Amino acid sequence: MAEATLQRTESTPDIDRLRDIATRLRVDIIEMLAESQSGHPGGSLSAVEIVTALYFGGFLRYDAKRPEWEDRDRFILSKGHGVPVQYAALAEAGFIPHDELMTLRKINSRLQGHPVLGTCPGIEASTGSLGQGLSIGLGMALAANMDGKDTRVIVLMGDGECQEGQVWEAAMAAGFHRPDNFIAIVDYNKYQLDGPTAEILDVSPLGGKFTAMDWQVREIDGHDLKQVVSALQWAVEQTAPACIIANTVKGKGVSFMENNNKWHGVAPSEEEAARALTELRATARESAQTDGAAQKEAGR
Amino acid sequence: MAEATLQRTESTPDIDRLRDIATRLRVDIIEMLAESQSGHPGGSLSAVEIVTALYFGGFLRYDAKRPEWEDRDRFILSKGHGVPVQYAALAEAGFIPHDELMTLRKINSRLQGHPVLGTCPGIEASTGSLGQGLSIGLGMALAANMDGKDTRVIVLMGDGECQEGQVWEAAMAAGFHRPDNFIAIVDYNKYQLDGPTAEILDVSPLGGKFTAMDWQVREIDGHDLKQVVSALQWAVEQTAPACIIANTVKGKGVSFMENNNKWHGVAPSEEEAARALTELRATARESAQTDGAAQKEAGR
Amino acid sequence: MKDLYPGFTIGKATRDAFGETLKQLGAEHENIVVLDADLAKSTKTADFGEAYPDRFKNVGIQEANMVGMAGGFASSGKVTFIASFASFVVGKGFDQLKMAVAYPKLNVKVAGSHGGISLGEDGVSQMSTEDFALMCSLPGFVVCCPCDENQMRAATRAAYDHDGPVYLRLGRQKAPIVYDAPIKDFAFSKATRLREGTDVTIIANGMMTAAALVACDRLAGEGISVRVVDMPTMKPLDDDEVQAAGEETGAIVCAEEHFIHGGLGARVAQAAARLAPVPMQFVGVDDVYAESGDPEALFRKYGLTSDDIINATRRVLEKRGAGRA
Amino acid sequence: MKDLYPGFTIGKATRDAFGETLKQLGAEHENIVVLDADLAKSTKTADFGEAYPDRFKNVGIQEANMVGMAGGFASSGKVTFIASFASFVVGKGFDQLKMAVAYPKLNVKVAGSHGGISLGEDGVSQMSTEDFALMCSLPGFVVCCPCDENQMRAATRAAYDHDGPVYLRLGRQKAPIVYDAPIKDFAFSKATRLREGTDVTIIANGMMTAAALVACDRLAGEGISVRVVDMPTMKPLDDDEVQAAGEETGAIVCAEEHFIHGGLGARVAQAAARLAPVPMQFVGVDDVYAESGDPEALFRKYGLTSDDIINATRRVLEKRGAGRA
Ligand SMILES: Cc1ncc(C[n+]2csc(CCOP(=O)(O)OP(=O)(O)O)c2C)c(N)n1
Ligand SMILES: Cc1ncc(C[n+]2csc(CCOP(=O)(O)OP(=O)(O)O)c2C)c(N)n1
Ligand SMILES: [Mg+2]
Ligand SMILES: [Mg+2]
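Residue numbers (the working numbering), protein chains in the order written: chain A, 146 to 445; chain B, 146 to 445; chain C, 38 to 362; chain D, 38 to 362.
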């Protein structure tokens, strides 16, 4: 478990460390969903690098022991069905015990099927009805500006979610009111619930739409941690709303889930989970080896 | 009163005739509002040329005697508070008796304060809650496409109205489904209810936003009937959704109402109405003289 | 509309009292933020906006976004008032009110102006005869429709003081004065017995409270002793007052500027059925959309006058008579 | 959930019966158009969509736009079915349902799936315990919550046949079979007396109808004679059946997978108060948001089982006893 992070960091984080964390979060996601036997693997997995970089790359100020600390930054998972990745990150960061992940979606659990403000520490807004997180985040960003605070507000949305009109209300409003601490990220994994976004209701070019609403926009590979980190570094520097379009793969990291939208909202069986975990552990071993080699290389 | 128009015309309409009609509609608007002592002059007056060109420039197929004729084109006034201009046009076109205009907003009248489907002949949708007309129109346009009909669907919105997220839902959907018979017009008069649109929540560049949603866009002077007519000629030729951004002046045609948003939702007193009517009649005389002169010129 | 309320002084519209009080609260409390959706002049939040421009945002014609933003402001520690027409903020922001306000129990105070049909000429698209039904469907919300300027002033202050979400319905028209002095002891959940009586209880709120008083006086002339209860708050409901009405007067008439479904009458009927079932009649808009028109004419056409209350009272007494016979 | 309904055969989910019937209707009627908002696999409109792709549009995650579009299709002569989760289509499309459907009385049939809390693990954001309250606030809408696959098939056909707007609530879970054969004489506004009884009437719909039958049988063992009325349609309400319940059995318990506010119980309470006031009790979600969990566990925790109905029945009989004493 990483220690409770109190401060943002200015320097570029250790990418290898982030990669390891990312793999751990993927493992947690699979284990949680295998246990709960319901939930959304595809959109949890596609957001892993983004969430990892945010929580462990020094972009969010938080104190896991004081989740309601006034000066914390706010991260809102507007695509609430992806919440397993956030619970995994919150466990990794020490907001909740790691064991608690196994209570996901069970009665009396703090780990609700979609994020609920006030139940699980570290959750900043109740979401799950798509399209609402950007508005809530905008309120927070403007409240911080009003109080002269430097609180960052970061909202993660899905590509399908961007079909909701409320997203464009909030986007227009943010482009106009121009809070200097407001970042939107789209987990552009090309699928929504019933199929490919481009076939149901194409949202491309997403960047163009945010630009038309007067945002700063960058488009990146949302699984390349270096790109994610550098895009976030760019975004936090902006004095106007910044949007990162992260091109991702739904189900990323588990071969049989990648780009297979069957896995939008179906949990893996025990056997499937075992296969997925084997794959993920192999990835972890490989990357540990590469890291070792790279460190040797660097040490020479 | 113009005769009931049964067919669209291909040829360019007589602009002078349209100008005369426009002035008559303005007179009707002022008289209606002075009688009802409530209603919205500003946004009725800014849309006069647009509505005139639509109903009397040969762009809509309708039969005033058969308002529910299956093959009629559909015009939806999404900015429903501007309905006096539509009622005036419907009277001019023979859908309702001219006298009936004086019943606007009175109890038991067919002329409701905002358009109501099923009460007044010629009204195609109930509006007045802003932001909804484009969705309704899109349903009509797609229904026509489905049935292989050539029905045109034309929706008129306000600039303030374009802040509503539902407008962008419908815009995105139309840009994607691409009905070949769907036209949006924005009466871009630069004011909403509480003040200048650019100060409350700027919607500019409106064209850019529709372009980002994959529409064809043209921007015109919405009081220059030649430009309105030629933009409509362009729009009906498009095989994908077309948007006309009509730059207009709120309160157009009555000097003391122009660009004075006090007149957004306040009816003129008897004395103010008299002043407005004097002005409008002077304009009518002038233009009649110019027309006369121009005709002489042309006849030479 | 004053002909509907003979003998009453006509005071300010409740929206005016709300606007004034909100501005005063702004002076007293730094932590208030106010949002409006391009109806600030109509809802009267503009007064606050002029006085405290830094704590006011007119967000434009975006009701759903406004509700979401309010959730963000409130979870950042601001007591957040938002306003629009009842019809728009409730009807276009319902799921947002659920997710961003009610479910997390945040400190958002929603002002739905131009409630009911008394806004008049603008017609149905601007009217709300369903806001009580919808707002009472949001657990944790206090839902209140004050009847006059004094009660609105008290309710607006109570809304600030209450820790959690509150809905206030504001009226467009000047309202008859029911409380002729500032109310000191206002509490949500406490109804006010305005007239004592033994034969029947009329429970009303908003503009219907004055009409109930008119009805009471006229029925007194016929020898019918009417208790009148002003019940602005529909949630939480003053169950005790409902029980007392049932037990002590044996018949209840509810009157509200709202559909008969889902509002004051529905809530009183459920409470009475649990605590003291008695014959009831309901005065309200009977499941139709109204229309444009002069407010007084609309009240007459859609059954919201003291005559309608009187007729309902006669019906309920007949019904009870038949039951007793 | 089958442990909650001992003795019952568990049939299909009502959403499955809806999807099948819709597809059949598609074969029979060229004028049907179906829209869905990216939940076609869950609401089961996907079956229609595969069979009749030209008359089906999955509009994406745009509930408000979908409702508006439905108005446009319907006013162009299409009988338009739209579907999403109840929570989204009702909560994000309410004002649109008013303006584009209810007010102009258009032929739009709204299917709100995953109603109530029985969807389970997804939690509150996907649950709707307020859809009855909201949909009954739209004049002209028929509002119906069938209890099993056979009733849903009949109701779906009735929705097509009815000239005007209809709301059907669909359930996610397999539902106990109440009607073991196709229903020939289904009519909105007509409730069904499933058991005759003299001491008390239980009026229920949706999943609660089977629970009411379980309760009835168990109470019979205690010598209590219970009438059970299945009342799927809340609007228009079967007033006669309510009156008969009041007059003939003298006590009523209502049970629904919905808030106690604004739904079946509220509407029955108002009808009973007008026609035959008697002691009542209400079984439903009591003004709280539920949570994620196994559906059966949720039904137990939030009071939606036959035990809850039995307890409510005992309370209402005690109350009546006290009243009579
Ligand atoms: C308002 C609303 N409508 C519908 C749904 C049902 N739903 C859950 S996930 C989903 C698809 C989301 O697609 P996207 O935003 O691209 O998420 P991802 O691909 O990352 O899972 C839908 C339609 C919802 N949760 N909220
Ligand atoms: C949903 C909704 N919110 C608020 C209003 C109140 N309202 C009526 S007109 C208006 C301003 C509209 O501005 P715009 O669209 O620019 O119209 P115009 O300037 O042409 O009058 C507002 C906010 C409304 N009718 N509907
Ligand atoms: Mg996606
Ligand atoms: Mg304007």
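Hints are not guaranteed to be accurate.
Stated by the list, open to error - The following residues of chain B were derived to be distant from chain C, with all beta-carbon distances above 10 angstroms: (1) Ile160; (2) Glu176; (3) Ser183; (4) Glu213; (5) Lys251; (6) Asn253; (7) Arg323; (8) Ile345.
Said to hold, decoys possible - Output of the computed footprint for chain D on chain C, the stretches with three or more beta carbons under 8 angstroms from beta carbons of chain D: (9) 120 to 132; (10) 171 to 178; (11) 296 to 305; (12) 310 to 321.
These are calculated hints, taken from the structure and not from any lab test.
Bear in mind the structure is a predicted one, so any value in this text is a computation, not a measurement.
By construction, the Cβ of each residue, glycine as well, lies at the ideal position given by its N, Cα and C atoms.
Taking the hints in turn, this is what the structure says about them:
1. Once the 10 angstroms rule is applied to beta carbons, B/Ile160 is consistent with being away from chain C; the minimum gap is 34 angstroms.
2. The Cβ of B/Glu176 sits about 16 angstroms from the closest Cβ of chain C, beyond the 10 angstroms cut-off, so the non-interface label holds.
3. Against the 10 angstroms criterion, B/Ser183 falls within the reach of chain C, whose nearest CB is about 4 angstroms from its own CB.
4. Taking the minimum C-beta to C-beta distance to chain C, about 21 angstroms, the non-interface status of B/Glu213 holds against the 10 angstroms cut.
5. Under the 10 angstroms C-beta cut-off, the non-interface status given to B/Lys251 relative to chain C is violated; the minimum distance is some 6 angstroms.
6. The Cβ of B/Asn253 does not lie farther than 10 angstroms from every Cβ of chain C; its closest approach is about 7 angstroms, which violates its non-interface assignment.
7. For B/Arg323, the shortest C-beta to C-beta distance to chain C comes to about 27 angstroms, beyond the 10 angstroms cut-off, and the non-interface label holds.
8. Interface exclusion of B/Ile345 from chain C breaks down, the closest Cβ pair being 5 angstroms apart, not more than 10 angstroms.
9. Closer than 8 angstroms: that is the beta-carbon criterion, and the region 120 to 132 of chain C has 7 residues meeting it against chain D, so the requirement of 3 holds.
10. Restraint check on the region 171 to 178 of chain C versus chain D: 5 residues with Cβ-Cβ distances below 8 angstroms, three needed, restraint holds.
11. Only residues whose beta carbon comes within less than 8 angstroms of a beta carbon in chain D count, and the region 296 to 305 of chain C has 7; three or more means the coverage holds.
12. Restraint check on the region 310 to 321 of chain C versus chain D: 8 residues with Cβ-Cβ distances below 8 angstroms, three needed, restraint holds.
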